[in-house]
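Asks: As they're listed, the protein sequences go chains A and B.
Under the numbering used here, the letters of the first sequence match residues 1 to 204, in that order.
Under the numbering used here, the letters of the second sequence match residues 1 to 204, in that order.
For the record, the hints were derived by calculation from the structure and aren't laboratory data.
Using N, Cα and C, we set each Cβ at its ideal position, and we do this for glycine too.
Where hints are given, some of them may not hold.
What the hints assert, rightly or not - Pairs of lysine-lysine residues, derived as DSS-like cross-links and limited to a Cα-Cα distance of at most 25 Å, are as follows:
#: 1; chain 1: A; residue 1: 3; chain 2: B; residue 2: 191
#: 2; chain 1: A; residue 1: 174; chain 2: B; residue 2: 117
#: 3; chain 1: A; residue 1: 191; chain 2: B; residue 2: 174
#: 4; chain 1: A; residue 1: 154; chain 2: A; residue 2: 45
#: 5; chain 1: B; residue 1: 117; chain 2: A; residue 2: 117
#: 6; chain 1: B; residue 1: 174; chain 2: A; residue 2: 150
#: 7; chain 1: B; residue 1: 102; chain 2: A; residue 2: 150
#: 8; chain 1: A; residue 1: 117; chain 2: B; residue 2: 150
#: 9; chain 1: B; residue 1: 150; chain 2: A; residue 2: 191
#: 10; chain 1: B; residue 1: 191; chain 2: A; residue 2: 204
#: 11; chain 1: A; residue 1: 174; chain 2: B; residue 2: 156
#: 12; chain 1: A; residue 1: 154; chain 2: B; residue 2: 165
#: 13; chain 1: B; residue 1: 3; chain 2: B; residue 2: 45
#: 14; chain 1: A; residue 1: 165; chain 2: A; residue 2: 51
#: 15; chain 1: A; residue 1: 191; chain 2: B; residue 2: 156
#: 16; chain 1: A; residue 1: 156; chain 2: B; residue 2: 174
#: 17; chain 1: A; residue 1: 174; chain 2: B; residue 2: 191
#: 18; chain 1: A; residue 1: 102; chain 2: A; residue 2: 23
Said to hold, decoys possible - With the Cβ distance kept under 7 Å, some of the chain B side facing chain A (calculated, not the full set):
#: 19; residue: 1
#: 20; residue: 2
#: 21; residue: 6
#: 22; residue: 114
#: 23; residue: 117
#: 24; residue: 128
#: 25; residue: 132
#: 26; residue: 173
#: 27; residue: 175
#: 28; residue: 176
#: 29; residue: 181
#: 30; residue: 186
#: 31; residue: 194
Stated by the list, open to error - Computed, partial: chain A to chain B, Cβ under 7 Å:
#: 32; residue: 1
#: 33; residue: 2
#: 34; residue: 4
#: 35; residue: 6
#: 36; residue: 128
#: 37; residue: 133
#: 38; residue: 173
#: 39; residue: 175
#: 40; residue: 181
Protein chains: 2
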Amino acid sequence: MEKNKNIITISREFGSGGRSIGKAIANELQIPYYDKELIMQVAKKTGFDPKYIEEQGEYASGKTFLSYLSAFTGRSDVMGGMSAADFLWVMQQQVILELAEKGPCVIVGRCADYILKDRSDCLHVFVHADEAFRAERIVRLYGQTEKSPKERLKDKDTRRSVNYKHFTGREWGKCQNYHLSLDSSVLGIDKCVEMIVNIVKESK
Amino acid sequence: MEKNKNIITISREFGSGGRSIGKAIANELQIPYYDKELIMQVAKKTGFDPKYIEEQGEYASGKTFLSYLSAFTGRSDVMGGMSAADFLWVMQQQVILELAEKGPCVIVGRCADYILKDRSDCLHVFVHADEAFRAERIVRLYGQTEKSPKERLKDKDTRRSVNYKHFTGREWGKCQNYHLSLDSSVLGIDKCVEMIVNIVKESK
Numbered sequence: 001m002e003k004n005k006n007i008i009t010i011s012r013e014f015g016s017g018g019r020s021i022g023k024a025i026a027n028e029l030q031i032p033y034y035d036k037e038l039i040m041q042v043a044k045k046t047g048f049d050p051k052y053i054e055e056q057g058e059y060a061s062g063k064t065f066l067s068y069l070s071a072f073t074g075r076s077d078v079m080g081g082m083s084a085a086d087f088l089w090v091m092q093q094q095v096i097l098e099l100a101e102k103g104p105c106v107i108v109g110r111c112a113d114y115i116l117k118d119r120s121d122c123l124h125v126f127v128h129a130d131e132a133f134r135a136e137r138i139v140r141l142y143g144q145t146e147k148s149p150k151e152r153l154k155d156k157d158t159r160r161s162v163n164y165k166h167f168t169g170r171e172w173g174k175c176q177n178y179h180l181s182l183d184s185s186v187l188g189i190d191k192c193v194e195m196i197v198n199i200v201k202e203s204k
Numbered sequence: 001m002e003k004n005k006n007i008i009t010i011s012r013e014f015g016s017g018g019r020s021i022g023k024a025i026a027n028e029l030q031i032p033y034y035d036k037e038l039i040m041q042v043a044k045k046t047g048f049d050p051k052y053i054e055e056q057g058e059y060a061s062g063k064t065f066l067s068y069l070s071a072f073t074g075r076s077d078v079m080g081g082m083s084a085a086d087f088l089w090v091m092q093q094q095v096i097l098e099l100a101e102k103g104p105c106v107i108v109g110r111c112a113d114y115i116l117k118d119r120s121d122c123l124h125v126f127v128h129a130d131e132a133f134r135a136e137r138i139v140r141l142y143g144q145t146e147k148s149p150k151e152r153l154k155d156k157d158t159r160r161s162v163n164y165k166h167f168t169g170r171e172w173g174k175c176q177n178y179h180l181s182l183d184s185s186v187l188g189i190d191k192c193v194e195m196i197v198n199i200v201k202e203s204k
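Given the sequences, and given the hints that come with them, work out the whole structure.
Replies: Take a look at the structure:
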């Protein structure tokens, strides 16, 4: 096995338990876990509203920065012709590269697998699950909405996929982009955690 | 974890060690291993030359059965307008379904993941690896050829991908089609074997 897999990136289908898995791994390995925290760091750098950044992280948008100027004023001078989404992408990349420099951690989402693809100390994981498993989880964790669970899953995954393709040029959920991909509905969330922790520990 | 994962299908990139992994798993679990043997069974059923079937398993062909009639005579009456490749696909499906009925086993290649997708007792695995790892392996195991190792890898994987798409309508190497996908160049072949054996044992 390759040595020193200290940074774990987790990409995941909506509702597959990727975040829970990421948190449990970070907890077991006693290393930092980043997702919203990461967003807040980006927010501090850019002056954008964290809520907007959070949405933007999943939705590649055709809107230009100018359309957001009324809400977030005074930054058009530094951004040239960049769209808001492109600008955030650059900021996000920078934050993720800096976090990885700091040392071992778990990063969930945000195309971190692509951003850190040239570091040899990363383990890139993709978590997916069947529809029934994910539908049950999102209703249990996030409640009912007007949309059916099935529509919500499709909607969110399509956006993640489009966003990933837009910024990385790669296919979201293609085995070759990850060192390990796991079906959490078949393996179970605990087993996924155990497998990843085990790989990281054995790589020491 | 889901129970009774008794049948392991392994799809793999050329040179990634998928066959070695499959054999080692079958050996450790003391269950039958099928790839060439499977081909021979198909051959017996169809009367085709095993060598042709082996090639056909990887290369979706536009050639119709008639073009092979000179070599394999007397069967056009039972095949209607089917191409040779389509006919073999039907035979292969039947053999794989029958093997799965017989009990626990490891099946490498031949779109077995798709053919057995409706059985709940299967663990579907995809094995891939980076180019350098695969190039070194194919030269070591199969020797040099006129083509560069890189070309050989690309050629074979493209054919596998086209064949898979042709017969299954699905994308080859898409995480969601497998319960587990492993980068053998990062995890190592022994670790891949250990992980799969462990999952199968724990599912008992």
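Asks: A separate judgement is required for each hint: does it hold in the structure or not?
Replies: Evaluation of the provided hints:
1. A/3 to B/191: Holds, at about 13 Å.
2. A/174 to B/117: Satisfied, since the Cα-Cα distance of roughly 19 Å is no more than 25 Å.
3. A/191 to B/174: 21 Å, holds
4. A/154 to A/45: 32 Å, violated
5. B/117 to A/117: Judged against 25 Å, a Cα distance of about 32 Å means the pair is violated.
6. B/174 to A/150: Holds: residue 174 of chain B and residue 150 of chain A sit about 20 Å apart, inside 25 Å.
7. B/102 to A/150: Between residue 102 of chain B and residue 150 of chain A the Cα gap is close to 36 Å, so the pair fails against 25 Å, i.e. violated.
8. A/117 to B/150: Distance of about 21 Å is within 25 Å: holds.
9. B/150 to A/191: The hint is violated at about 36 Å.
10. B/191 to A/204: The hint holds at about 14 Å.
11. A/174 to B/156: 18 Å, holds
12. A/154 to B/165: 22 Å, holds
13. B/3 to B/45: 33 Å, violated
14. A/165 to A/51: Given pair residue 165 of chain A, residue 51 of chain A holds - Cα atoms ~22 Å apart, limit 25 Å.
15. A/191 to B/156: It is violated: about 34 Å lies between the C-alpha atoms, which goes past 25 Å.
16. A/156 to B/174: Judged against 25 Å, a Cα distance of about 18 Å means the pair holds.
17. A/174 to B/191: Given that 25 Å is the threshold and the Cα spacing comes to 21 Å, the pair holds.
18. A/102 to A/23: The hint holds at about 18 Å.
19. 1: Status holds, d = 4 Å.
20. 2: 5 Å, holds
21. 6: Violated: closest Cβ of chain A sits about 13 Å from residue 6 of chain B, beyond 7 Å.
22. 114: 15 Å, violated
23. 117: Interface hint status for residue 117 of chain B: violated (11 Å vs cutoff 7 Å).
24. 128: 5 Å, holds
25. 132: 12 Å, violated
26. 173: Since chain A brings a Cβ to about 5 Å from residue 173 of chain B, closer than 7 Å, the hint holds.
27. 175: Cβ of residue 175 of chain B sits 4 Å from chain A, so the hint holds.
28. 176: 5 Å, holds
29. 181: 4 Å, holds
30. 186: This hint holds: residue 186 of chain B lies near chain A, its Cβ roughly 5 Å from the closest one there, short of 7 Å.
31. 194: The hint is violated - residue 194 of chain B has no Cβ within 7 Å of chain A, the shortest such distance being about 9 Å.
32. 1: 4 Å, holds
33. 2: 5 Å, holds
34. 4: 12 Å, violated
35. 6: 13 Å, violated
36. 128: Nearest chain B Cβ about 5 Å off; hint holds.
37. 133: 10 Å, violated
38. 173: Holds. Min distance 5 Å.
39. 175: Holds - the Cβ of residue 175 of chain A comes within 7 Å of chain B, reaching about 4 Å at its closest.
40. 181: 4 Å, holds
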